[in-house]
Each structure stands twice: as structure tokens, then as C-alpha cells.
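Trainee: Chains E and V supply the protein sequences, listed in that same order.
Sequence positions in the first sequence follow the numbering used here and run 1 to 278.
Sequence positions in the second sequence follow the numbering used here and run 1 to 255.
If you're looking for bench data, these hints aren't it; they were derived computationally from the structure.
Check each hint, because a few of them may be wrong.
Claimed, not checked - Cross-link-like lysine to any residue pairs, in silico, SDA-like; alpha carbons within 20 angstroms at most:
| hint | chain 1 | residue 1 | chain 2 | residue 2 |
| --- | --- | --- | --- | --- |
| 1 | V | K6 | E | F125 |
| 2 | V | K17 | E | F125 |
| 3 | E | K248 | E | T63 |
Claimed, not checked - Partial chain V-side listing against chain E, Cβ under 7 angstroms, derived:
| hint | residue |
| --- | --- |
| 4 | I91 |
| 5 | R165 |
| 6 | E193 |
| 7 | Q249 |
None of these values were measured; they are calculated from a predicted model.
Think of the CB as a built atom: it goes at the ideal place given N, C-alpha and C, for glycine as much as any other residue.
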Amino acid sequence: MSQHSIEVKNVRIGFMTGDFKDIGLKEFCMRKLTRSYQAKRFWAVDGVSFTLDSGDMLGIIGTNGAGKSTLLKAVSGIMRPLEGSIHINGRVAALLELASGFDSDLTVRENAYLRGAFLGYSREFMNQQCAKIIEFAELQEFEDRPFRQLSSGMKSRLAFSIASMVSPEVLILDEVLSVGDGAFRKRSEKKMLEIINGGATTILVSHSLDQIRNLCNKVLWLDHGKQVAFGQTQPLCDLYEQYLVTKKLPTAEELANALKPAEPLAQPETLAPSGKGE
Amino acid sequence: MFKKYKQYQFLFEELVKRDFSIKYKRTILGIFWSVLSPLLTLLVMRLVFTQFFGRDTPYYTTYLFAGNLVFSYYKDATTNGMKALVGNKDIITKVKMPQYMFVFSTNVSSLINFLITLVVFFAFTLLDGIAPSFRYLALIYPTLCLLVLNIGVGLVLSALYVFFRDMQYLYNIFTLLLMYMSAIFYQVDKYAENIQRLFLLNPVYVCIKYFRVVVIDGTFPSLFYHLLMFGYAAIVMLIGFWIYRRNNQRFLYYM
Chain E
1 MSQHSIEVKN VRIGFMTGDF KDIGLKEFCM RKLTRSYQAK RFWAVDGVSF
51 TLDSGDMLGI IGTNGAGKST LLKAVSGIMR PLEGSIHING RVAALLELAS
101 GFDSDLTVRE NAYLRGAFLG YSREFMNQQC AKIIEFAELQ EFEDRPFRQL
151 SSGMKSRLAF SIASMVSPEV LILDEVLSVG DGAFRKRSEK KMLEIINGGA
201 TTILVSHSLD QIRNLCNKVL WLDHGKQVAF GQTQPLCDLY EQYLVTKKLP
251 TAEELANALK PAEPLAQPET LAPSGKGE
Chain V
1 MFKKYKQYQF LFEELVKRDF SIKYKRTILG IFWSVLSPLL TLLVMRLVFT
51 QFFGRDTPYY TTYLFAGNLV FSYYKDATTN GMKALVGNKD IITKVKMPQY
101 MFVFSTNVSS LINFLITLVV FFAFTLLDGI APSFRYLALI YPTLCLLVLN
151 IGVGLVLSAL YVFFRDMQYL YNIFTLLLMY MSAIFYQVDK YAENIQRLFL
201 LNPVYVCIKY FRVVVIDGTF PSLFYHLLMF GYAAIVMLIG FWIYRRNNQR
251 FLYYM
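Assemble the whole structure, with the sequences as input and the hints as a guide.
Mentor: Here is the structure:
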């Protein structure tokens, strides 16, 4: 059991709505005094479980607001889930919403160092790799220019180059395969495949079903935070495409039928909790 | 412990560097601005208050400056500290790292700012006719205590600011009130003994008093002052760390 590369069990992540973040301290005190204070919890991720082994590539699908990005934050260790557990073996590299979080007044090189520091690289490592990173991002001529002069595609390119400099055991990608223009995209995909073929476990969030069909061997389908299904790529992608047209979640039976032939022992328990659909 | 420090040293240095570039690249006057603004405050106070409070206060310019110097350091450091978490939410929501680093790094730039103003302060004491002395070395102690206090207050405020976004305005009002209670431009001697003691509840006042005793009176404050300053700094710092330990994981849910 412990040899799984990623093991996610019954994870729930909830945000409070209508509580003190929205109303401020003055209003909070007033409402507490008048006993009208109410906060509701909104479950962004609600009871998700899956396990991945080394070399697996998981695609997470689901419509906007299904909880995909939140789940990634939890798996990459940034956010601790309120319930459930996540176990990960090895070093995690998370590439989430790449272009933000840079400082527009610093130069490209300064930003590269800063981001490297955030990711836990050492100064020696950055000294060695900085030229390589900037070269990979094709930003040599911008090296000492302020960051705000860069286009958003260039920013993502730099972010990708920095984050992919290490070879992690677990790679987490949020819509990053679509970074940059044609030429860079090819090279970034190549780089990514290098990491993946090096035995890394990968989790990928993408709205491109083709990409998921081509790359992933497992798929996790989320809907409004709930887990619809976890299993084989092709049947689930077919069902998801159907869903996108009909807007009706498949029934438990349909899911079981779709997944059965491909994988007889396809962890049936993961289908049970939330397969009921409407 | 040491290994952990080493691991985050690079991050810390880069953060300090960033805070500095942001602060000084964006203004034309650069680093002089940080000196200019307390000097202007000093000038206005000197012009306005000399008639009321300056007549029976010896070395009134130095007296004012000492108050302004310490208070503006406190205000600057804690206000920046308060915004340290929320201001970096783009990063905090994407990368796993110790969040208190942001409070630490902004405190470094505030401290350097303070030290630059301190040099100007010493120049003014000369103009005011106070002979320099090795006694000034004693000022290291209140500066360190103030640094710890500022980090502690910054930790507390930055956590609160994550949860309550109106903290900014409330804290602004608080610092304004605190300024009037810190005896920056008036003397406390006019009050009764009991009320004078109440001033000691204000850590910023205690620090200002320390500076004045050393520079203007030419003596050292009593042991009681030392212990009091240390106590304030330690208590606030502990509260700050306690809040961070408890809420470390909750911050993200509110950003």
C-alpha cells in the first residue's frame, strides 16, 4: 500500500462564504453582538480518492469550477485539506497558473532568481542554471529588461523553464501544456515528456480532451467538487464528451459498464460514492 | 535548525532584494525619499509646536526628532508587515514555503530605512549642540527590541489582515492615536505621577524615552526600562508565532 506514488483518500476542501473575509472586522463584531453572524461552508473538493503509481499520468477533467485547481493545490502540498489524507512519495514540482506571481518592476533575471528561490532551489543551482533557463525560454535579449515589457506568453515561457529545471518524482501541471507559441510549445512538450518518461508520476489538468487521450493513462472526473469517476482514459473521455453535449452525468451503471471491460478490477469502490448523477 | 536556515537563506535574500528594488526603483528620489519624509514631518512639527511645547524643552529639535524617528520606524515596519501576506498572495497560493518569510523580509527594508534616518538624526544632534559620545552604542539595544517588536506586531497584523480586510483602516486609526499617546512633541512631566506611569504601557513610548535619555540626558535608562522593552518585544513575538503556528494552513483559504 505504501508504495503508491500518490495516495489521495477522501479529500475534502471547503471554503467559507459570507464569513469575516467578506464583511470585515467591524461588521463581524456587530453581527456577533447581534447574533446574526452566519457563515456557510462551500465544498470545492468533496470526497475525492485515487491512487497513482510511479509512471502513471492522470488527467483531471471537469467543467469550470469542478474543483480541479483546488485539488491540485492540495496534492502539491500548498493547501492542507480539511478532511482526508494525501500521501506523496518524492519531490513535487507544481506548475500552477504560471504567469502570475512575478514582479513587473524586476528584470527578467531577477525574477528568475526570485522564482527559483520560491521553488526551493539553491543560489548555486540558480547561478549554474540561470543562463540555461533564459535560453530555454528564448529570452536572452530581454534578460536585463524589466518584466513588464514581456508579453504574457513570454512570462509563461520563463515560468515553465524555471519550474521544469529539476527532475521531480511528481509533476503537477495546470493547463501549462498550452504555453507559448508553436515552436516553444513543441519544446515544452518534449521537455515534459522527458520528465514523464524519466518515471515521474504526473497529474495534468487540461480542457483539451485530445491532449488527455494522448498523454494520460488514467482519468479523474470531477463535477462540482464531487468525484464522478476514476479509471481508464478512453471510456471516461467518451462519457465526458457525451456529458458535454447532454449535460447529464452518467449513471453509476453506465460508468460501471464503461469501465468494466477495460479493467476488470478497476477499483469499484471509487465509483460508488458519487456516481448517482442527477 | 541551521540546515533549515541555510535552505531559506537564499529565498530570504531574494525577498529583501525585491522589496528594495520595488521601493527605490519606483521613485525618482530613490533612497533620499525615505529620509526626506521624516525630515518634512520634523520641519512641520518644529515650526508648529515650538511655540507651545518647545519653550521649556531643552534641545527641542532633537527631542522631536527622536520621537519621530522611532515612531515612524514602528509605523512603517508594522504597516508593511501587515500587508506582507496578502500582498504576496499570488506567490503564496502557488508555492509551498514558510509564510512568515515575507514579514521578515519587509522588516529588513524598514530597518535599513530606519538606520539611514538614524544617521541624519545624529547629524541633527550635532547641529543642536549635543556632543557625540560612545554612549550612543547603547541605542543598539532598543533598536533590536524594536525590531523584534515590529516583527511580532507584523506577524499578528498580517494574519489578521488575511481574515479581516478592513484591518488596514482600523490600524491606520490606531497608529494615529498611538502617535498622540507617544509623547512625540510634548513632555509627560506635566502629568501626575500616576498618569506618567500609564505611558509606560506603550512600547513605542518606552523606546522613544530610551533614545531621549541616552542622547539628550546623557545617561542610561534604568534596568527596569531594559526589562520592560525586552518583555514587550518577547511577548508580542510569541503571540505572533503562536498565531502563525495555529493558522498557517488557514491563510490560504482566505486569500
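Trainee: Now tell me, hint by hint, if it's right for this structure.
Mentor: Hint check:
Straight-line distance between C-alpha atoms of K6 of chain V and F125 of chain E comes to about 14 angstroms, which keeps the hinted pair within the 20 angstroms bound. For the hint linking K17 of chain V to F125 of chain E, the alpha-carbon distance of about 18 angstroms falls within 20 angstroms, and the restraint holds. Restraint check for K248 of chain E and T63 of chain E: the C-alpha separation of about 12 angstroms stays at or below 20 angstroms, so the hint holds. At its closest, the beta carbon of I91 of chain V sits 5 angstroms from a beta carbon of chain E; the interface hint therefore holds under the 7 angstroms criterion.
With a cut of 7 angstroms, the hint placing R165 of chain V at the interface with chain E holds, because the nearest CB-to-CB distance is about 6 angstroms. Proximity of E193 of chain V to chain E is violated relative to the hint, the smallest CB-CB distance being about 36 angstroms (cut-off 7 angstroms). For Q249 of chain V, the shortest C-beta to C-beta distance to chain E is roughly 4 angstroms, which falls under 7 angstroms, so the interface hint holds.
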